[in-house]
Structure formats: C-alpha cells, structure tokens
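Chemist: Fit chain B to the known structure of chain A by using the hints.
If you read the protein sequences in the order shown, they are chains A and B.
Taking this note's numbering, the leading residue of the first sequence gets 1, the next gets one more, and so forth.
Taking this note's numbering, the leading residue of the second sequence gets 112, the next gets one more, and so forth.
Hints listed in this document are in silico derivations from the structure and should not be mistaken for laboratory results.
Fair warning: there could be bad hints in the mix.
Listed below are the simulated EDC-like cross-link pairs for lysine to aspartate or glutamate, each with C-alpha atoms no more than 16 Å apart in a straight line [stated by the list, open to error]:
#1 A:K70 / A:E53
#2 B:K149 / B:D196
#3 A:K26 / A:E5
#4 A:K98 / B:D196
#5 A:K26 / A:D7
#6 B:K155 / B:E168
#7 A:K98 / B:D164
#8 A:K26 / A:E55
#9 A:K70 / A:E55
#10 A:K98 / B:E168
#11 B:K155 / A:E5
#12 A:K56 / A:D66
#13 A:K70 / A:E15
#14 A:K98 / B:D170
#15 A:K69 / A:E55
Chain by chain, the residues run as shown.
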Amino acid sequence: SQQGEEDPQALSIQEGENATMNCSYKTSINNLQWYRQNSGRGLVHLILIRSNEREKHSGRLRVTLDTSKKSSSLLITASRAADTASYFCATDASNTGKLIFGQGTTLQVKP
Amino acid sequence: DAMVIQNPRYQVTQFGKPVTLSCSQTLNHNVMYWYQQKSSQAPKLLFHYYDKDFNNEADTPDNFQSRRPNTSFCFLDIRSPGLGDAAMYLCATSTQGQLYGYTFGSGTRLTVV
Numbered sequence: 001s002q003q004g005e006e007d008p009q010a011l012s013i014q015e016g017e018n019a020t021m022n023c024s025y026k027t028s029i030n031n032l033q034w035y036r037q038n039s040g041r042g043l044v045h046l047i048l049i050r051s052n053e054r055e056k057h058s059g060r061l062r063v064t065l066d067t068s069k070k071s072s073s074l075l076i077t078a079s080r081a082a083d084t085a086s087y088f089c090a091t092d093a094s095n096t097g098k099l100i101f102g103q104g105t106t107l108q109v110k111p
Numbered sequence: 112d113a114m115v116i117q118n119p120r121y122q123v124t125q126f127g128k129p130v131t132l133s134c135s136q137t138l139n140h141n142v143m144y145w146y147q148q149k150s151s152q153a154p155k156l157l158f159h160y161y162d163k164d165f166n167n168e169a170d171t172p173d174n175f176q177s178r179r180p181n182t183s184f185c186f187l188d189i190r191s192p193g194l195g196d197a198a199m200y201l202c203a204t205s206t207q208g209q210l211y212g213y214t215f216g217s218g219t220r221l222t223v224v
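Bound conformation, chain B alone:
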C-alpha cells in the first residue's frame, strides 16, 4: 500500500549528540512536511519542502535542519539535541493544492537522555 514510513519508531539519543530521523513515501507527493508534537500539544510545523524548494518556519530553531535528496525521502537532522527537543516528530505529505488532505507517517518518538 502507498504510504508514508518513518524510521525509527523510537529513537533515544544523548544530549548534544546529532541525530537524524527519516521519512519515505511511496505516494509520489511533491510536498513533504515535518511537524514536532510535544505531549498533549498540537503538532507544530517545523518546515516543508515544495518539490526541492525548502520552506523554514520563522520560529524553527537553527538546531533543526532538513534534507530532501529526492521525491521519496526527507530527513530531519537535529544537530545538538537538548532535553526540550524530546517529542514526537511527524512527517506528512500532500499534493499541490491539498485536494485530499495530508498523509502522515506513524511518527518517531525522540527521547533525549
């Protein structure tokens, strides 16, 4: 089935140690998004790619970077994770115009120790 896959489901990283979360899609959607969701809060948009065009949210910390090497894959890099970065990270895709809404992956739960 076409879907959005996030790996790993659970990631534990040390304070300050760079970590990369991955997202892949088989939907051939041209837009990919990364959201951060802390406990009992709304998902917060970090950035999105429209094809290869990167769009950063104004309040996304510089600590967060992203790469999209091709249509299918998108990565979230956290250069120096702090305790406050512990959260669920959600990847989503959509088509131009969002005719049918977003398709989300199952998320990666990041723990910083």
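Next up, chain A with everything else stripped away, as it sits in the complex:
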C-alpha cells in the first residue's frame, strides 16, 4: 500500500526561484527521506529527517517534518536548470525496516 502522497505532481519554475514540494503520509514513521531521480536513472538520496526532528538543511535544501500532521516539505532555494528531475519522499514506517515511496513531484527548472 502506498504510504506517501506528494503535491504538486508537477512543478515548473524559472531558474533562481524557489521550489517547494509537499509530502503526506499515513502511518507512524522512524524517518522520512527525500530522493531525486533524473530521467531514466536511479534514485539519489538527498536528505533524511528523523521523526524527532522538525527541520533539516543541506546546502540549498531545507526539509521540514510535522509528525502531528503527518507531512513533510522539501524546499529547494535558488533553483538551477540542473535541479530538473523527479523528487520522491519515502517513509521508513516504524518497525518495518523498509522504505515506501510517494508518487513523486516532477520539477522543471527553466533557464
């Protein structure tokens, strides 16, 4: 069963703008992770946020987690054309040891 739902499904912005993607999930989690996937390639791990954390930063990435609302957001600041990709959230549900992925957001950054 699918754990994560992402919003929006597709996002198109100009280079230099910020991009925000949202993820909602259904069950209790140990952690939530964000991945990027370039077309036809494997997934690349971006950031992991634990259930007891509320915000995490990595370079131009900022992730927030609200466990009361079962939601997370990924903010990419000062976007670049190279950020064009699909972005997936994935949850590690408690005591399962496996990641379940959301449907993903397709981001297009126009030069």
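Modeler: Quick look at chain B alone, frame taken from chain A:
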C-alpha cells in the same frame, strides 16, 4: 568508489523467457532491496534481504524470485516475463537502521517483446 552496480543497464527479453537481473555492491551493506518502477510511477518494493533473511512483499507476484548468494550480490529472477513486467528495476542497499538512507544502483530497464 563504493557503489551499487546493476547489470545490464538495458535488457530485452522475449515474452515468457526467463531473465535474470543482477546487482552488486561494494558498500558491505547488510540489507539489499529490489524495487520495480513503471513509467511515471513510484518505485514499488518487491522484496528485500536482511543479511540472508528473505522478505517478500505480500503483493509481489510469484513470477518474481530473488537470490542473494553472498553479501555483495543479489539477483532478481523473472521466471516468465509478461508484457506487464516491462519496467525499470532498481536495486538498493542500506545499513541496519538506515542511518544514512538507501544507496541505489542506476537501474535496469527491462523491455519484454
């Protein structure tokens, strides 16, 4: 560099002809996963190994099998591929507790003709 390697990148197989996809890792991670990803969809977990302990997802078809002969290698066997099995197959590894997330291979794109 330590990594997860999937071979081949592209695989074409005939309808009903058994096919094997391979995955190897140099990370010495004890957990290995196989995901199926169809076009514009989320990766779907098929099964995973925790060391040699095999864990099958409830909705993974019997047509899909897996082998892990040692820590470094894991294979996905599709016994009788159907047209609906055409997809990207992704192998991933992690350590116990997933402290740092999964490491994915580049995937194998399977075409069934």
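Chemist: All hints are to be evaluated individually against the structure, with a verdict given for each.
Modeler: For each hint, the structure was consulted:
1. A:K70 / A:E53: 13 Å, holds
2. B:K149 / B:D196: 9 Å, holds
3. A:K26 / A:E5: 9 Å, holds
4. A:K98 / B:D196: The given pair, whose Cα atoms are some 22 Å apart, is violated under the 16 Å limit.
5. A:K26 / A:D7: 15 Å, holds
6. B:K155 / B:E168: 10 Å, holds
7. A:K98 / B:D164: Judged against 16 Å, a Cα distance of about 14 Å means the pair holds.
8. A:K26 / A:E55: Not OK: K26 of chain A and E55 of chain A at ~20 Å, beyond 16 Å, violated.
9. A:K70 / A:E55: 14 Å, holds
10. A:K98 / B:E168: Cα-Cα ~10 Å, so holds.
11. B:K155 / A:E5: Holds: K155 of chain B and E5 of chain A sit about 14 Å apart, inside 16 Å.
12. A:K56 / A:D66: Measuring from Cα to Cα gives roughly 12 Å; hence the hint holds.
13. A:K70 / A:E15: Violated. K70 of chain A to E15 of chain A sits at ~30 Å, over the 16 Å cutoff.
14. A:K98 / B:D170: 15 Å, holds
15. A:K69 / A:E55: Within the cut-off at roughly 14 Å; holds.
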